[in-house]
Amino acid sequence: MTTDPRVKTLTPQFDRFTDTREMLDHARQQSVEFGLDDYFVVDVDSHREPNAHWREVLEFMENPVMRSNSLATLDARGTMMYVPYPAPGGSGVSSQSMFGRVPHQDPQAEAVEGVTRHRDIELSRRAMDAIGIDVQVIFPTSLLGLGMSPLAEGEAQAAYAYNRWMIEAFCAEEPRIKFMPYLPLRSPEMALRIVREFAGRPGVVGFLVTSIRYSPVHDNQFMRLYAEIEETGLPLAFHAGPTWDDDWMKTMNRFISVHALSFVHCNMVHLTNWIINGLPERFPRLKVVWVESGVAWVPFMMQRLDHEYLKRTSEAPLLTRLPSEYMREMYYTSQPMECDDHDLLEATMNAINAETQLLYASDWPHWDFDLPSSILGIRFLDAKAKRNILGLNAARLFNLAEGPGVA
Amino acid sequence: MMHGQVVVGRSAELADGDRLVVDVDGTEIGVFRIDGALYAYGNYCVHAGGPVCQGMVINRVTERLDADKRSLGDAFSDDLHIVCPWHGYEYDLRTGAHPGDPRVRLRGYQVFEQGGEIVVEL
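Protein chains in written order, with my numbering: chain A, 55 to 461; chain B, 225 to 346.
The hints are simulated quantities; they were obtained by calculation from the structure and are not laboratory data. In this text, all values refer to a predicted model and were calculated from it rather than measured experimentally. Hints are supplied without guarantee of correctness; some may be wrong.
[Unchecked claim] Restraint ranges, calculated between C-beta atoms of paired labels, are given here: (1) B:A321 x A:A401: 25 to 33 Å; (2) A:D394 x B:D292: 30 to 38 Å; (3) B:Q338 x A:G154: 29 to 37 Å; (4) A:T57 x B:G297: 47 to 55 Å; (5) B:G332 x A:T170: 56 to 64 Å; (6) B:P326 x A:P256: 46 to 54 Å.
[Said to hold, decoys possible] Sample of chain A residues with no beta-carbon within 10 Å of chain B, all distances over it, derived: (7) Q67; (8) Q83; (9) I175; (10) A223; (11) E227; (12) N274; (13) A281; (14) E285; (15) I330; (16) G332; (17) L340; (18) A370; (19) E379; (20) E383.
Built from N, CA and C at the ideal position, the CB exists for glycine as well.
With the hints as constraints, model all of the structure from the sequences given.
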C-alpha cells in the first residue's frame, strides 16, 4: 500500500488460522530485548488439546470394548468417550476464547506443512522458540475435566492410554517436551500401576492429579500411591481447572466468575485436606506442586490455616508446625500471576519463598498465558531470583540438565 | 526509532470500517477508519505488549437495567472496541482507553490524509 521501503504491511487481523510464530512475534521481540537466550527457561505448564489426535491415543486403550466404544463415539460425534467435553465440566458452556476475541484459545487451525514431526510437537516448538522457552511441560486441556466423568473405569482407561501415547509417541519424539502422567485417583490400583510403569521413562518429570474432582486426597486408599511417588523422587502436581458443574459454581452466571474462583477453589480444598491431615508429615520427601491457580491465594491460605490451627490444634493432630511452614516448602506455578498490585505481589512472593519455590509457567496457548517478561519485569526481584523462577527451580525439581535440548 | 511523517498507505485502499497495520522501521502501528475519521495507535497492548491492533473489532458489551435495576440482559453499544488477541484487553477505538480503567490507554499517533495518502506522525 506504500512504496516507502521502511514501511511493511502486516496482517490486519489474527484468527485461529494465524501461524503461532506470527501470533507470538511480539513475544519473540521481547525475548530478544530481555536477552532470554542467556536464560534457561522451563515452562512448567503448557497445554495441548488431545481431541485432535484421540484416535492415536485410543490405540493404547487396553479394554477392547471400551476402545471400540470410544472409536465409535469419535467416528460418530468427534468427541472423546468418557471425557466431559467441551470444558468446563461437560456443561456445554464454554467461553474460554471470549467468543473469538482471543483466537489462539480456540482450536489452532494454522497450517503445518513440510515437517515430518507430529503436528502438535511442531506447534509446541513454534511457541517455545517464539517465547524463548527451553523446556516445556505439557498438560492435556480437556482431560483436566476427566476426573468429573461419571465412569471411574472410563477415566482409568483413558488416562492410561493417554499416558502411554504421550510417553511413547510424543515425548519420545521431542526431548524439549516433558510430561506428568495422569493419575486416575478413583482407581487407586491403576494409579499405582501408572507410577510403577512410567516413573523413570524419558520425558516423565512428575505425576499429575487433575484438581477438578471430588476425591478427598487424604483418603487412606491413596497412602500406598503417595509412598511410591515419594520413593521415585518425582513431584506430585495438582493442576487446577474450571468447572461449572460444581454446586457453588452453578450459582454464577458469568464465565469470568467461574474462572476466577473455580481455578483456585479446587486447589484450596485439596491443599487444605493435604495439610490438615498431615500428609507433609507422613511423606516428608514428597514434593508437591500447585499448578495454575496463580499465586495470590497462597498467602490467604497461609493466614487462614495458621489462624485456625492455633485455636483448633486438636483437629490437626499430625501437624508439628504451622500450616504456612509446610506451604513454604511446596512449589507453585506462576501463571496466571496476579500482578496488578506490585505491593501485594511482593508480599506474596516473600510469603511463598518465591526465589526457591516459584516456577514459571506460560499456560500457552490459553487466553491468560504469561510470558517470561511477566517475571523479568518485576522490579523487586533480583537477578538470581528471576533466573531461579524462570527455570532453575524447575531444573532442580525435575532433575533437568541445564541447557537447551536437555534429555 | 524513526521520527517525522511517514506515508503508510493510500487513502483509497482503506475503506470505512477497515484497518491498516504496518511496521515502520521496527515500530508497529494500526490505522483505523471509523465513520470517515482516522485513528492510529501503537500495536502494543499496555498489558503485555500484545499485537492489539491485529485483534477483533467489536462493539462494546453493555448490560441494560430496567427502572427497578433489574437486569434486562446484555446488549451491544455503539462504541467500537479493538480487542488484543493475546489476552482480551479491550480499548475504545475512538479514544484508545480501556473501558474499565481509562488510565490504561494505547499510545496514539497523529494521522491525517494528504494527496490521497495516509500519513502518520511518528
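Status of the hints after comparison with the structure:
1. In this structure the hint that A321 (chain B) and A401 (chain A) lie 25 to 33 Å apart at CB holds, the actual value being about 30 Å.
2. Between D394 (chain A) and D292 (chain B) the Cβ separation comes to about 34 Å, which falls inside the hinted range of 30 to 38 Å.
3. About 36 Å separates the C-beta atoms of Q338 (chain B) and G154 (chain A), a value consistent with the hinted range of 29 to 37 Å.
4. Taking 47 to 55 Å as the suggested C-beta distance range, the pair T57 (chain A) and G297 (chain B) conforms, at roughly 50 Å.
5. Here the CB-CB span from G332 (chain B) to T170 (chain A) is close to 47 Å, at odds with the stated 56 to 64 Å.
6. Under the hint 46 to 54 Å, the C-beta atoms of P326 (chain B) and P256 (chain A), about 52 Å apart, fit the expected range.
7. Distance check for Q67 (chain A) against chain B: the nearest CB is about 6 Å away, which does not clear 10 Å, and the non-interface claim fails.
8. A cut-off of 10 Å between C-beta atoms contradicts the statement that Q83 (chain A) is not in contact with chain B; the least separation is 8 Å.
9. With a cut of 10 Å on Cβ distances, I175 (chain A) stays outside the contact zone with chain B, its closest approach being about 23 Å.
10. Under the 10 Å C-beta cut-off, the non-interface status given to A223 (chain A) relative to chain B holds; the minimum distance is some 31 Å.
11. Every C-beta of chain B lies more than 10 Å from that of E227 (chain A), the closest at about 29 Å, which supports listing it as non-interface.
12. With a cut of 10 Å on Cβ distances, N274 (chain A) stays outside the contact zone with chain B, its closest approach being about 43 Å.
13. Remark: the non-interface label on A281 (chain A) is consistent with the geometry, its nearest Cβ contact in chain B lying 41 Å away (cut-off 10 Å).
14. Every beta carbon of chain B lies more than 10 Å from that of E285 (chain A), the smallest distance being close to 41 Å; the non-interface claim holds.
15. Distance check on I330 (chain A): its Cβ is at least 36 Å (rounded) from any Cβ of chain B, clearing the 10 Å threshold; non-interface status holds.
16. The beta carbon of G332 (chain A) sits about 40 Å from the closest Cβ of chain B, which is more than 10 Å, so the claim that it is off the interface holds.
17. With a closest Cβ-Cβ approach of about 35 Å to chain B, L340 (chain A) is found to remain outside the 10 Å limit, as its non-interface label requires.
18. For A370 (chain A), the requirement that its beta carbon stay farther than 10 Å from each beta carbon of chain B is met, with the minimum near 40 Å.
19. Every CB of chain B is more than 10 Å from the CB of E379 (chain A) (nearest about 34 Å), matching its label as outside the interface.
20. Every C-beta of chain B lies more than 10 Å from that of E383 (chain A), the closest at about 31 Å, which supports listing it as non-interface.
Going down the numbered hints, you'll see the structure goes against 5, 7 and 8, while the others check out.
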